[in-house]
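> Spelled out from the first residue to the last, the chains are:
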Amino acid sequence: GAGVSQSPRYKVAKRGRDVALRCDSISGHVTLYWYRQTLGQGSEVLTYSQSDAQRDKSGRPSGRFSAERPERSVSTLKIQRTEQGDSAVYLCASSLLRRNSPLHFGNGTRLTVT
Amino acid sequence: SQQGEEDPQALSIQEGENATMNCSYKTSINNLQWYRQNSGRGLVHLILIRSNEREKHSGRLRVTLDTSKKSSSLLITASRAADTASYFCATDRLNRDDKIIFGKGTRLHILP
Numbered sequence: 227g228a229g230v231s232q233s234p235r236y237k238v239a240k241r242g243r244d245v246a247l248r249c250d251s252i253s254g255h256v257t258l259y260w261y262r263q264t265l266g267q268g269s270e271v272l273t274y275s276q277s278d279a280q281r282d283k284s285g286r287p288s289g290r291f292s293a294e295r296p297e298r299s300v301s302t303l304k305i306q307r308t309e310q311g312d313s314a315v316y317l318c319a320s321s322l323l324r325r326n327s328p329l330h331f332g333n334g335t336r337l338t339v340t
Numbered sequence: 081s082q083q084g085e086e087d088p089q090a091l092s093i094q095e096g097e098n099a100t101m102n103c104s105y106k107t108s109i110n111n112l113q114w115y116r117q118n119s120g121r122g123l124v125h126l127i128l129i130r131s132n133e134r135e136k137h138s139g140r141l142r143v144t145l146d147t148s149k150k151s152s153s154l155l156i157t158a159s160r161a162a163d164t165a166s167y168f169c170a171t172d173r174l175n176r177d178d179k180i181i182f183g184k185g186t187r188l189h190i191l192p
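Line by line, the protein sequences give chains A and B.
Residue numbering for the first sequence follows my numbering, beginning at 227 and increasing consecutively.
Residue numbering for the second sequence follows my numbering, beginning at 81 and increasing consecutively.
Since the hints were derived computationally from the structure, they do not count as laboratory data.
DSS-like mimics (lysine-lysine), calculated; alpha carbons at most 25 Å apart, straight line:
#1 184(B) x 237(A)
#2 136(B) x 179(B)
#3 149(B) x 179(B)
#4 179(B) x 304(A)
#5 150(B) x 184(B)
#6 149(B) x 136(B)
Chain A residues, not near chain B, derived (Cβ > 12 Å throughout):
#7 244
#8 291
#9 295
#10 297
#11 299
#12 304
#13 306
#14 307
#15 310
Since this is a predicted model, take the numbers as computed values, not measurements.
Glycine residues also receive a C-beta, built at the ideal position from the N, C-alpha and C atoms.
With the hints as extra help, turn the sequences into a complete structure.
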């Protein structure tokens, strides 16, 4: 079956604008993560949710990042009022179980804030 | 905050040699995982080792876990050019949330 798919692959946004990034995870997977990956900081958890649709356990306290999960296998990461420091690769990952389960990653969205 | 840290940050070896990467972490864990990432792609799961396991093998990969030292190692035997990638360890935290946290990775370069 299909793996985790992210769109768009590349996104350019002007500073101050809001952006939305989409993730289609694997059907039946319970847990869904959003990570932000940069060269200096590695992969940082932004949000993750488990089974409960739309319940977002933010890994990184920030009013500007939020994730919606209208369906179990679809998530949208929203970044409000983008800053240049938000330029990074945003990775979505899902896993079958709540714990002790490998993560399946998409290929990421590269966001550039100008 | 970073839970796991890989060492070294970068490693270059000749094709055919063995590559060893290490990971240290701070708090007790349920399990530790190793992932690989090629440039421009997402991370790919390699192996998961539970806290009650000491060693695990998968093909040319060998992972060890020492919970008393809070460390793990990933050994790739008989390296190939295609093994060139970044390698990350990831841990969850025992009796905390289920969040999986990654280290900053080791960049492995296999020289032909």
